[in-house]
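> Now for the letters of each chain:
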Amino acid sequence: MEEQWGWLIVIYLFLGGLGAGAYLTSFAASKGYLGNAPALKRIGYLVAAPIVAIGTALLVFDLGQGLKKPWLLIGLLANPKSVMTWGVYILSGFIAVGLVVAFLAWKKKEIPNFLASIGALLAISTGAYTGLLISVIKEVPIWNTFLMPVLFVISALSTGLSLTVLLGHLLEKGAEGNEKFVCKVHVFLVLAEIAVLAAFLGLMISGANGPVAVESAKMIVSGSLALPFWAILVVAGLAFPLVAQVLRITQLSKAHVLVTTAAYTEQAATGHARSASVSVLAGDVCLVVGGLVLRYVVILAAIPIWNGALG
Amino acid sequence: MAKYKVKTLSRRSVIKLGVVATALVALGLPIIKSRPVMAESASDAGTKQLGFMYDQSKCINCHACARACKNTNKWEKGVEWRKVLVKETPEEELFLSMSCNHCADPSCVKVCPVGAYQKRAKDGIVVHDSKKCVGCGYCLYACPYHAPMLGQETGAVSKCSFCYERQDNGQKPACTSACPVNALTYGDMDELSKTQGATSQIMNLPSSNLTKPSYVFIPKA
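Protein sequence lines correspond, in order, to chains A and B. Take the first sequence: its letter number 199 is residue 199 in our numbering, and every next letter is one higher. Take the second sequence: its letter number 63 is residue 374 in our numbering, and every next letter is one higher.
Worth flagging that the hints you see were computed from the coordinates, not collected in a lab. Values in this document were obtained by computation on a predicted structure and should not be read as measured data. Where hints are given, some of them may not hold.
Label-pair ranges, simulated between beta-carbon atoms [claimed, not checked]:
1) A:202 - B:488: 48 to 54 angstroms
2) B:385 - A:67: 21 to 27 angstroms
3) A:121 - B:389: 41 to 47 angstroms
4) B:531 - A:146: 39 to 45 angstroms
5) A:191 - B:501: 42 to 48 angstroms
6) B:372 - A:121: 54 to 60 angstroms
7) A:231 - B:389: 33 to 39 angstroms
8) A:106 - B:441: 55 to 61 angstroms
9) B:382 - A:121: 52 to 58 angstroms
10) A:68 - B:372: 34 to 40 angstroms
11) B:502 - A:68: 42 to 48 angstroms
12) B:476 - A:208: 17 to 23 angstroms
Where a beta carbon is used, it is the ideal one built from N, C-alpha and C, also for glycine.
I would like the entire structure built from these sequences, with the hints used as guidance.
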């Protein structure tokens, strides 16, 4: 079988997660789960729905009939048994609610609690859907695990947080708030993603999902997908941001101690702190790119349970 | 001051435009009304299920089945509804004529978001309606037998229909009619599976537990 799904699907799954994660970052920040983080309260809300909408629009181009007979897309709501149909409902709901929330956030109006919560529920569903879509396909063994939606949700949260931190830094500089706390949350997310990714690949290589899953997993860790997997996802997209965040946390703790002991002038401390955060921001950029490569690697590693030949 | 004002206004209007544009994309989807889903599922016990039976030792690899299918069903370019697979070993050649297996538990029916696949209650034939197909490719991943194929010209999937139109008119499927040696036949699965030497496991193909294919295989002894 030729590879059916390519870059457009990869980007669609990635943007679905990224938008959902950005929304949840702002949701968590406004609930106070990210400590004092004023810059994170609005920006995630502003970008979430547009990002998911762009991803959905891309998907239309990937459909065989997207440009030929677009009216057929009405039918996408027809099969309640199809996970893809669930996705159309979830994504439409998220985009609709997300746009209202984005408008309110843009106008700096108060976002009703129930609306923000419905949006958060739809955001989690969006992130989970991107993994569930492929995890229900028994005929592609490497996809067929409950770890798939778990992995994609964690990656969604992590990339969404990175994007929101980056945009917060660019657009609302000085309102970062308790950066150390945000870094700690992010370290936790990255560690969780590494753990689930390792569990996922370990499960596949163990042979628990059959010989074809082993073949797919080997393609990722030592085959044709090894370079993007190790270089972009693991080293640049997970290890580097992790180290940058951990160093930043220790640096901020030290700076705090120095300031309080008055051995450091406040100016020196903030100057020191500001220059060092460049590595965190660079880590955030790499983490987002790594999120894209995660979807790429997973989609491209799809080997069907039967290769179509007589063995 | 004036300069500043112009700058913020233009940035705001650009973002507003973006929000409006995405809103239009987003609102396009929920406006759409859901269609009633036709009854399917004939996998309940006791329902009739038609299937193919293939006697490997009789097959002479003449491809009459595939040719008859192509002529009758006018395959789209690049698409094959039926093919004869060959395995060459030093001792012998083994053949396998294969199309859609009209599975008792078809995964295509489950995954298709537009409901283009319908399993007929009266005979278990899995019919795909290319007119509904949006070409998402989900079924190409879901089918373990690679039966559905996406045509590049139409951008839609098509697959073996078990010649249900011919069958509804009292005719036999084109492939089985064309087989000169009766290697490929068809019938009620309950009857076919009683055949001497028959098995549900087809060579190195995926386990029949996955989708319960309506294909009775008689391996070359």
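> Each hint: holds or not?
Going through the hints against the structure:
1. A:202 - B:488: 48 to 54 angstroms: 52 angstroms, holds
2. B:385 - A:67: 21 to 27 angstroms: 24 angstroms, holds
3. A:121 - B:389: 41 to 47 angstroms: Check passed, 43 angstroms falls within 41 to 47 angstroms.
4. B:531 - A:146: 39 to 45 angstroms: Holds - the Cβ-Cβ distance for residue 531 of chain B and residue 146 of chain A, about 41 angstroms, lies within 39 to 45 angstroms.
5. A:191 - B:501: 42 to 48 angstroms: 56 angstroms, violated
6. B:372 - A:121: 54 to 60 angstroms: 57 angstroms, holds
7. A:231 - B:389: 33 to 39 angstroms: Holds - the Cβ-Cβ distance for residue 231 of chain A and residue 389 of chain B, about 36 angstroms, lies within 33 to 39 angstroms.
8. A:106 - B:441: 55 to 61 angstroms: Cβ of residue 106 of chain A to Cβ of residue 441 of chain B: about 44 angstroms, so the range 55 to 61 angstroms is violated.
9. B:382 - A:121: 52 to 58 angstroms: 54 angstroms, holds
10. A:68 - B:372: 34 to 40 angstroms: 38 angstroms, holds
11. B:502 - A:68: 42 to 48 angstroms: 43 angstroms, holds
12. B:476 - A:208: 17 to 23 angstroms: 45 angstroms, violated
Figure legend: structure checked against the earlier numbered hints; hints not met, in rising order: 5, 8 and 12.
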